[in-house]
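These protein sequence lines are chains A and B, in that order. Heads up, the final residue of the first sequence is numbered 383 in the working numbering, and it's a clean run with no missing numbers. Heads up, the final residue of the second sequence is numbered 386 in the working numbering, and it's a clean run with no missing numbers.
Derived from the structure by calculation, the hints contain no laboratory data. Just so we're clear, the structure is a prediction, and the values are computed from it rather than from any experiment. Each hint should be verified, as a subset may be incorrect.
What the hints assert, rightly or not - Which stretches of chain A does chain B cover? Using the computed rule of at least three CB atoms under 8 Å from a CB of chain B, they are:
1) 80–94
2) 101–110
3) 129–139
4) 143–153
5) 287–299
6) 311–325
Every residue gets a Cβ at the ideal spot worked out from N, C-alpha and C, and that includes glycine.
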Amino acid sequence: MNASKVLAVALAGISQLRRDRAALFTVIALPLLITLVVGLAMGDEDATSVGIAVVDDGSFAADLQEQLRSTDGLDLRDYATEESLRRGVRRGEVSAGVIVPAGYSEALREGGAVDVVVVSGPNPTALAVRTPVAAAVDAQAMHAGAARAAGGDFDDGLILARRLAAGAAIVAVERQPVSDGELRLGFSYTAPSNLVLFVFLSSLAAAGVLVETRRLGVTRRALASPTRPSELIAGFALGRFLFALFQGLVVVVGAALVFGVDWGDPVAAAMLLVAFAVVATGAATILGTMARTADQAGAIGPPLGIALGMLGGCMWPLEIVGDTMQTVGHLTPHAWAMDGWIELVGGAAGPADIAPELAALLAFAAVLLPIGAWRLRRVVTTP
Amino acid sequence: MRLLLAVAAKDLRQRIRDRSAIIVAFVAPVVLATIISLALGDAFTGSFHATYAVADLDGGPLGRAFVEDVLGDSRVREIADIRSVASAEEARSLVEDERVDAAFVLPAGLSRAVVSGGSGTVRVLAGGEPVAADVAESLAAAFAVRVNEARLVAAVARVAGVAEPPSPDGGTPAPSVVVGAPEGEELDPASYFGPAMALFFLFFAVGLGVRTVLAERAQRTLPRLLAAPVSAAVVLAGKALAAFSLGLVSVLVVLAVSSAVLGAGWGSVPAVLALVGAMTLVATALVWVIATFARTEEQAGLYASLAAIGLSLLGGNFFPIGQAPELLRRIALLTPNGQALRGFADLAVEADPGLGSVAQPVLVIAGFAVALGAVAVGRSRTLVLR
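Isolated chain B (complex conformation) (with noise of 0.2 Å):
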């Protein structure tokens, strides 16, 4: 035991007076992950906002009844600014000119020909954003569909052969669409891409770690620590352990980073702790595994860069993978880093975050480190013996 903690102990001097173990361990994800907080910090929020223009050329109750009940409205108001312009022209070449996100024409005579039994048409000048036009459009049927109702209540009646059509349910109340308050604790950027980028470069501080078995192998060094009275076991589990150990530290340091400078937060250690503990687990046996199936150090740097980059595309270290399609969104979850983020998502979320919240990612996760495990340790000979 006391053998197996000195080579790890070596293993892990060595790492740490080569800088590039401090620059990919530790350097390196905090910079990021914070250069993404700074980034996303206001565009996560996703806050809509339009610029609507509007040409009233009706001049009537209509028309005054849109700009001001509508349009005047203070919800609508919350989320878009309105113009007023004198001509449709006007009104048009805002829109062109992407001065305005759409514009809305109301034509001249439209309150007549509510009173003398015509019809009009209102127009909506749609610009390039489809969001902000579809607002729009639908503020303009909105409109229609309150004028259209009583005509529409006269002509059914009229067909129906009721003699006296009631007016239609002024009094009545109807179905209302009410705006609930904002639900939960926000997904910050920093709460989920400081975890990310410690995932994404736990892979390349444990690959460090795990790739030294192989230098060591083609230094010569390997065969003759292996002479030694100590059993070749005791001495590939000592590697191990340093690596698992620069990766722990790294993603912990990293989290506390994130937590103290960017603001991140989990709510529950304990459940930290565990998820940490299981990506890290996963990360140590996946790198293993790649070590015994390649031929040189240089091979076995490329391989697991290539899982690493891999699984964190899908996994969704480099984007919410929340907003995704569907297929992407499950295919994600089939990764152990996917079910950790959604694991440190969840913790980040939820009123009351414990390790109950973080159960089903970290037992999955765990599988993946046993059975990953398994096939390392299985292959472990071919380490030695190459």
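Only chain A is shown next, with the shape it has when bound in the complex (with noise of 0.2 Å):
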């Protein structure tokens, strides 16, 4: 086989690629346009959304909503109505609601009882969210309650009380982090999911490139030179992959210099890069041989491309979903490319930690890429 022949037909293939404008925003600044949009809507997942609207207008309820404002893990979105509020809650705006009602702070100056009132989806969120208001709550009725029984004035006792309350404390509360894995989220996430997702992708939507070559039927007059047919697809598949890891090393190192993605390890990251991309050759030249039209490889392409994103865990990560699910992802090579890349970009120090899932996606690409190559030899072959 005449590597120099092969080498021309995969660069006469992608030289198209340059001149199409258009095409290179897709593959250039899209994926990387998507993974703002989304790594920014997606930012803080660590935190529990919670709206709050305070009916009463005394100092107490002041107070506790700037308390839970600056409560860690809840994400306060203040509503002006309570009725607003719950429409906030039903459309799931927020996971749960606080109603703080007309006569809280006085309740508390008096000694009365009231209701803070949270407002719940059907999630059982809306339970851990009662455990800090509730503690909120409890440390002002007992700073309102020490006041009281003071006697006297009972703003002053107020104060003596919230002055006092740190060196009373018989119980102190001291909170000692001992992991330090976060779920991560945001960038670290969506780019990874990016990268898989727009590799598959670009690579199905150069499939119709294949399907056009053959209809205007530039592979007969390809072989009317003297190229063999094995160079001829040789040629191709190559074209194919470099375009696939052109389409990688963009997401990865617009990533890297946009947002500041740590990709890990860089070795097993061009392993992985790799790896994934001759799967994605492997799909792209199956497609390619498997469309009777150009619009037909475009109609199929980027939804097939979209539903094994979905179920690899591209649009959202697989621990989310149940079990029956996540094993369903896993029969796509995206799956396997994610929990790859997840590892790296959480740490993981060298190509045997990826082992399992590089071995998984070289099965895949032992598969596609030979059924792929047979395919193509029968069609450039048959007139």
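Join the two chains, each given in its own frame, into one complex according to the hints.
Take a look at the structure:
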């Protein structure tokens, strides 16, 4: 097999790309744009979003609001009225809501009973929200109770109570973080997920080129020259692979420069990228030989790529889906690639850590590439 | 009028024979909506559950009070599993191995400290999952408050000069935090993503129809069509009608499947029709405008795809925009599909959905459609003359 011929065919395939500015945009700018938008939207998933509607206009109510705002783990959103808060909970804008009713501050001053209501969606998150709210309310009640018991002016008593609270504590609570692993979201998730998604999508989109090439009879003319079918096939495959690799590098470099994503050990990252690019090449080649028109390839490719991306954990982390769907998801190469990237971005030491993922991807490639090559040979040599 | 329908019917027949239209307009959105519903069915309900370990090294009344009264409370048991361990080291290693989300360590001598006037520290060993750790810290804090109250009352009374401090508000009612019954219907994934996928692919379904104008121009059949005793306006309107019809049917089929198979529901058929009709109008107008700017069919296809992806990203077709930061939520409402999705979500969760529930989104979308439609009509000459 003549290597220079193979390379020539490969480069001819991708030279079209350079001239098509719109396609260049799709390959370079689009994945980074999507990473940006989704990364910003996912943002601070560590905190539970809680709405608050303060109906009471007393100082205790305002203090409670500020106390909850500065509570770790709660992302507080203000609502003007109880009705708008309930609507916000129903719409899923917040996981739960807190209503501080009229008469709250007065009840604390006078020692009366009042209900602070936690508005819940049908999810049990509301129960988790109740705990920090109750802690804040209990603390206020303690200060107010002590101020009342001291007699005299309530506000003076309150100031005294707050001042003495720390010193009077028999029991203090000290929080000690044990592990430093966090549930990484934001750009550390969206960059790898878009890498996997777009390497596959772009490869599938390029499958249309293969169909066009066949339809226009370019392949027949190429075979008329002193080029063997196997060289042509290898050239096509190499061209698709280089394109997939290029797409991957764009996202890796772009995300590192623009979003500061740390892709982990370079050797392992390179191996993972190459392995997935090979899988994408195999899939694209098969698609290119099965579609009859470029329009068909264009119609099947993106939805197929998105579907596999969804199943494989590129649109949402597979951790959040049920066990069945997680298993189904691992029938896609995307899930294995995502597992590998999450390990690397999370600080894995080297290729050995992602050996299972690499092995799975190579298994996919070992199945897809030969089928693609065989179909390509049939299609190319059949008149 | 009959000519217009004839042109539309011819175009539709061509589209249906081309399998890519079937895939884009029907198969793809249904498949994707199904996958999303299956995958996110549980995730949407966001169930919170944690596991905690507790090492009661005190063994006295205070330690027991924490384990039995605080951690043993039925409300806490609903959201957390509690494991008792014998030592602080065991508790720490459980947290490190991520076998529990957090651990409580009640030091030895805590109960004695209460009696003798000293103090003690309850340690909360926090694991990597922040929300679970925060809940643990809050539980410990609530316990500390109750224990500290008596001491605080005595201290305040002493400083304020009150001779006999009354016992703390043992019998006086205090503010309580009550969890209300679940609010309304839940927005299930199918009811959100059925419309989301339908509207995303609507742009492509409509695009297939609109691009035929450019295709026919390139294949030189358009001039021949216009040479017939039929006005250009009728021909173009017929093609627009075909594209509109394909888009409309596509969305309705996807919604019907979401409802019948995935259990989605929006309550009011007129409201749904109003939303779908308005969105199809705006999608047709948008793709038409794009076609008037493009030079070739491929270009039109690419720009239309980019517009579809861009609008869908911003409008919340790929993830529930309600959970995104404020700015992104506002931007979503500037897109027609963002308005439509908000309309569908409201229909799904409102107790009494009707046409009125979606009046605002429909009007906004119709506004977009009128504006884009005007541009489309104005620029249609270029479609024919280029």
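Next item on the list: Apply the coverage criterion to the stretch 80–94 of chain A and chain B: a residue qualifies when its Cβ sits closer than 8 Å to a Cβ of the chain, and three qualifying residues are needed.
Entry: holds (count 6)
Item checked: Three-residue Cβ test at 8 Å for the coverage of the stretch 129–139 of chain A by chain B -> With 9 residues closer than 8 Å to chain B, the stretch 129–139 of chain A meets the three-residue bar; holds.
Notebook entry, point to check: Under a C-beta cut-off of less than 8 Å, do 3 or more residues of the stretch 101–110 of chain A approach chain B closely enough to confirm the stated coverage?
Noted result: holds (count 3)
Check: Counting residues of the stretch 143–153 of chain A with a beta carbon closer than 8 Å to any beta carbon of chain B, are there 3 or more?
Finding: Since three or more residues must qualify, the claim that chain B covers the stretch 143–153 of chain A holds, with 9 doing so at under 8 Å.
Margin query: For the stretch 311–325 of chain A, count the residues whose Cβ lies under 8 Å from any Cβ of chain B; is that count three or more?
Written below: holds (count 7)
Margin query: Tell me whether the statement that chain B covers the stretch 287–299 of chain A is true, taking a Cβ distance below 8 Å and needing three residues at minimum.
Written below: Since 5 is at least three, the answer is holds.
Of the numbered hints listed earlier, not one is contradicted by the structure.
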